[in-house]
Amino acid sequence: MVDAYTVSEITVYIRRLFELDEGLQDVWVEGEVSNMTRASSGHWYFTIKDAEAQLKCAMWRSSAERQSFVPRNGDAVAVHGRVSVYEPRGEYQLYADRLRPRGAGDLYQQFEQLKRTLEAEGLFDEERKRPIPVFPHQIGIVTSPEAAAFQDVQNVLRRRFPLAQLILSPTLVQGADAPPMIVAALERLNARTQVDAILLVRGGGSIEDLWAFNDERVARAVAASRIPVITGVGHETDFTIVDFVSDLRAPTPSAAAELVTPNIDDLRADLRDRETYLRDLITDHLAGLRGDLSVAQRTLGHLSPAGRIRILRQRVDDWNARLLNRQREHFSRLRERLESRQAALAAANPASILARGYAIVSLSEDGRRLSGAEGVKPGTGITVQFHDGDLKARVEDKESHERYKRTLF
Amino acid sequence: MNAINELSFEAAFEELETIIARLESGELSLDDSVSLFERGRSLSEHCQALLDKAELRVSQLTDDSPA
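Taken in sequence, the protein lines are chains A and B. Quick note, the first sequence lines up with residues 172 to 580 if you use the working numbering. Quick note, the second sequence lines up with residues 22 to 88 if you use the working numbering.
For the record, the hints were derived by calculation from the structure and aren't laboratory data. Every residue gets a Cβ at the ideal spot worked out from N, C-alpha and C, and that includes glycine. Hints should not be assumed to be uniformly reliable.
Said to hold, decoys possible - Simulated restraints on C-beta separations:
(1) A:T447 - B:I25: 13 to 21 Å
(2) A:G472 - B:A70: 42 to 50 Å
(3) B:I25 - A:A477: 30 to 38 Å
(4) B:A70 - A:R469: 44 to 52 Å
(5) A:A362 - B:D53: 57 to 65 Å
(6) A:Q322 - B:D53: 47 to 55 Å
(7) B:S63 - A:D463: 21 to 29 Å
(8) B:E38 - A:L460: 52 to 60 Å
(9) B:N23 - A:Y448: 17 to 25 Å
(10) A:E379 - B:A70: 44 to 52 Å
(11) B:E66 - A:T454: 15 to 23 Å
(12) A:L460 - B:A75: 33 to 41 Å
(13) B:S63 - A:H473: 39 to 47 Å
(14) B:E59 - A:R461: 17 to 25 Å
What the hints assert, rightly or not - To give an idea of the chain A side of the interface with chain B (calculated C-beta under 8 Å), a few residues:
(15) L339
(16) L438
(17) H456
My request is simple: use the sequences and hints to build the entire structure.
Structure (structure tokens):
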């Protein structure tokens, strides 16, 4: 029996052979793309081939996200990466990390070189990105007056935010003269103090057409701009150096115009909401004041002298009643005393004494009333007065007694 | 306060926000709150009017524009 490898062992062994070969770990391969698949995971799987052979390629999401263009089947491309073995299938493949259209090799190297340089300088840092004003009053636009992009931007602004003033700073947008012209156009707008935002836009085109936007001078001018710059260059899948440097990257010129402006319909709705809210606020405020007022009125009511006056008045009424009672009592006491005196007086009336059977005796000659026997001699004429008539009489005898010292009168 | 008719949209909108904030605070006299409300409403109308009559103005700088 010879010692046999397991499949896994031999596959690992083969993989190590690939990986030990430095030439295979840093290699560019040119070919035509086929079977291009963008997996939902974000990884790309494709094959590159020429007339005689094909090579499977995989690019992980982390690399795929950084690519400036998405290859399509049939594209001639150059792929950079390392060749290794995918053990579960026993297949060797190219693990790609960079990809560029074939023929654009020099440009791509320039692009990558400049991108690395500017990134290292911190020009792509998020902290450098300035906020885009909510209501841009003056919007500068750097593009070609003839470009469809210029029309697209105007259309969007007319529809969304016609309050804005659009200031075109014209320039060529492709060709060798374009970069310095773009720089000058940016500087012209920066010299105007009232410009709130700058749109740097160009419609779609080939990678060569867009090349001015990968120019270092343009990139540095965008970075140096005092005014926030929004880029909209080419199509969704086109990334240029200025997109990394600008404050905001829009996928297209129209999108750039949208990102820099509020929508007039939203504004109208917003204003209506604010007006309603304002009305609610004042209504609430007035209701609050009214509430405060009624509380104050109630408090004032409690503090009012009216209650006190009522109490005092009641007390006065009370005293009045007591006074009247006292007076009545006093009068009735007086009346009682008067009546008893009147009774006594009536009792003392001589007429009533006579009526009880007593008589008044007086001297007949001068009518002097006699209150006793003393001094009266026998033979003296006297008048005895009864209640019903007088008797003329003469005193016959006189005898004195001590028993009655007092007479009635 | 500036005459409302002379205010730009941004300025009018900003003042409207300030007025709303002040009314929200509630610490206002009756006179102040009513006049703020009136001004707020005028500002809002002014903003609407500006939107209604707005027309995009497009101008072009030339190479010899003062830099």
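Hint check results:
1. A:T447 - B:I25: 13 to 21 Å: For B:I25 against A:T447, whose Cβ atoms are near 20 Å apart, the range 13 to 21 Å holds.
2. A:G472 - B:A70: 42 to 50 Å: 49 Å, holds
3. B:I25 - A:A477: 30 to 38 Å: At roughly 50 Å between Cβ atoms, A:A477 and B:I25 fall outside 30 to 38 Å, so the hint is violated.
4. B:A70 - A:R469: 44 to 52 Å: Holds: the Cβ-Cβ distance is about 46 Å, inside 44 to 52 Å.
5. A:A362 - B:D53: 57 to 65 Å: 44 Å, violated
6. A:Q322 - B:D53: 47 to 55 Å: Given range 47 to 55 Å: holds, Cβ gap about 50 Å.
7. B:S63 - A:D463: 21 to 29 Å: The hinted range 21 to 29 Å holds for B:S63 and A:D463, with Cβ atoms some 27 Å apart.
8. B:E38 - A:L460: 52 to 60 Å: 23 Å, violated
9. B:N23 - A:Y448: 17 to 25 Å: 23 Å, holds
10. A:E379 - B:A70: 44 to 52 Å: This hint holds: roughly 49 Å between Cβ atoms.
11. B:E66 - A:T454: 15 to 23 Å: 18 Å, holds
12. A:L460 - B:A75: 33 to 41 Å: At 38 Å between Cβs, range holds.
13. B:S63 - A:H473: 39 to 47 Å: 43 Å, holds
14. B:E59 - A:R461: 17 to 25 Å: 19 Å, holds
15. L339: Holds, because the Cβ-Cβ distance from A:L339 to chain B comes to roughly 4 Å (cut-off 8 Å).
16. L438: Hint holds; A:L438 Cβ to chain B Cβ min 6 Å, cut 8 Å.
17. H456: 5 Å, holds
In terms of the numbered hints stated before, the structure departs from hints 3, 5 and 8, listed from lowest to highest.
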